[in-house]
Amino acid sequence: MKPVGKTLGYGRVSSDQQDVASQKAKLETLGAVVVFTETGNGSTLQGRNQLEAAILLLEPGDILLALHPDRVARDTGDLLTIAKRVVAKGAILKLDDPKIIFDGTDIMAEMMLTLFGLIGSVEKHFIKARQRRGIEAAKAKGIYKGRPATIQADDVRELRQQGFGATEIAKRLKIGRASVYRVLAA
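Taking UniProt numbering, the leading residue of the sequence shown gets 1, the next gets one more, and so forth.
For the record, the hints were derived by calculation from the structure and aren't laboratory data. Glycine included, each C-beta is placed from N, C-alpha and C at the ideal position. Treat the hints with care, since some could be wrong.
Listed next, with one range per pair, are the computed distances between beta-carbon atoms [said to hold, decoys possible]: (1) 98 / 152: 48 to 56 Å; (2) 171 / 53: 29 to 37 Å; (3) 176 / 41: 16 to 24 Å; (4) 178 / 49: 22 to 30 Å; (5) 165 / 41: 33 to 41 Å; (6) 41 / 172: 27 to 35 Å; (7) 177 / 20: 33 to 41 Å; (8) 25 / 59: 22 to 30 Å; (9) 16 / 130: 18 to 26 Å; (10) 33 / 157: 49 to 57 Å.
Below are the SDA-like pairs computed for lysine to any residue, each with C-alpha atoms no more than 20 Å apart in a straight line [said to hold, decoys possible]: (11) 94 / 52; (12) 26 / 97; (13) 26 / 98.
Let the sequences and hints guide you as you build the complete structure.
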């Protein structure tokens, strides 16, 4: 049996309108000495800096604790990748609901992670489908105009007329070069 180390908690909410405080409190109640929290989409591993920080701090015998599989990832591959990264550090991934303890030795725990990862993928699919239907309905009513423009096309054109290249325009306006090219091509 591996020596028991520290328990690090991980909580995630999808949007700024949600509050991660209840997850943090529950993780602390369950024994987490430090809780890493972030706001962001669980559909991808990119930009999950707090999850990365938690995994980097894991040592042999430690536990990475999350309340639910979908707080860790909403994709089977990502969930299993994270779980295996935790185990590669000599640590354990522990989920509270459903109770899953993944240490890399139990095929049933891996099967449960796979199942809940699949459920998260299906849930993600339905969320996106509902969102698309809502946008289409709003567009049909004429009340959805898309995200407000963040780039002032006139500023791009004015800087271009002053002789600046795309790279300099992008720097001055703090936008991407591709955005500059799109405005200039329009």
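So, going through the hints one by one against the coordinates:
Residue 98 and residue 152 have their C-beta atoms about 50 Å apart, which keeps the hinted 48 to 56 Å range intact. The beta-carbon spacing between residue 171 and residue 53, approximately 30 Å, falls within the hinted interval of 29 to 37 Å. Distance hint check for residue 176 and residue 41: the Cβ-Cβ separation is about 20 Å, which falls inside the suggested range of 16 to 24 Å. Range check, residue 178 to residue 49: Cβ separation about 24 Å, and the 22 to 30 Å hint holds.
Take residue 165 and residue 41: their Cβ atoms lie about 34 Å apart, and the range 33 to 41 Å holds. As the Cβ distance of residue 41 to residue 172 is approximately 30 Å, the hint placing it in 27 to 35 Å holds. Hint check: residue 177 to residue 20, Cβ distance near 35 Å, so the stated range 33 to 41 Å holds. Checking the proposed 22 to 30 Å range against residue 25 and residue 59 shows it holds: the Cβ atoms sit about 25 Å from each other.
Between residue 16 and residue 130 the Cβ separation comes to about 20 Å, which falls inside the hinted range of 18 to 26 Å. At about 55 Å, the beta-carbon gap between residue 33 and residue 157 stays in the expected band of 49 to 57 Å. The hinted pair formed by residue 94 and residue 52 meets the criterion: a straight-line CA distance of about 16 Å does not exceed 20 Å. Simply put, residue 26 and residue 97 have alpha-carbon atoms about 12 Å apart, close enough for the 20 Å limit, and the pair holds.
This hinted pair checks out: residue 26 and residue 98 have alpha carbons roughly 14 Å apart, not beyond 20 Å.
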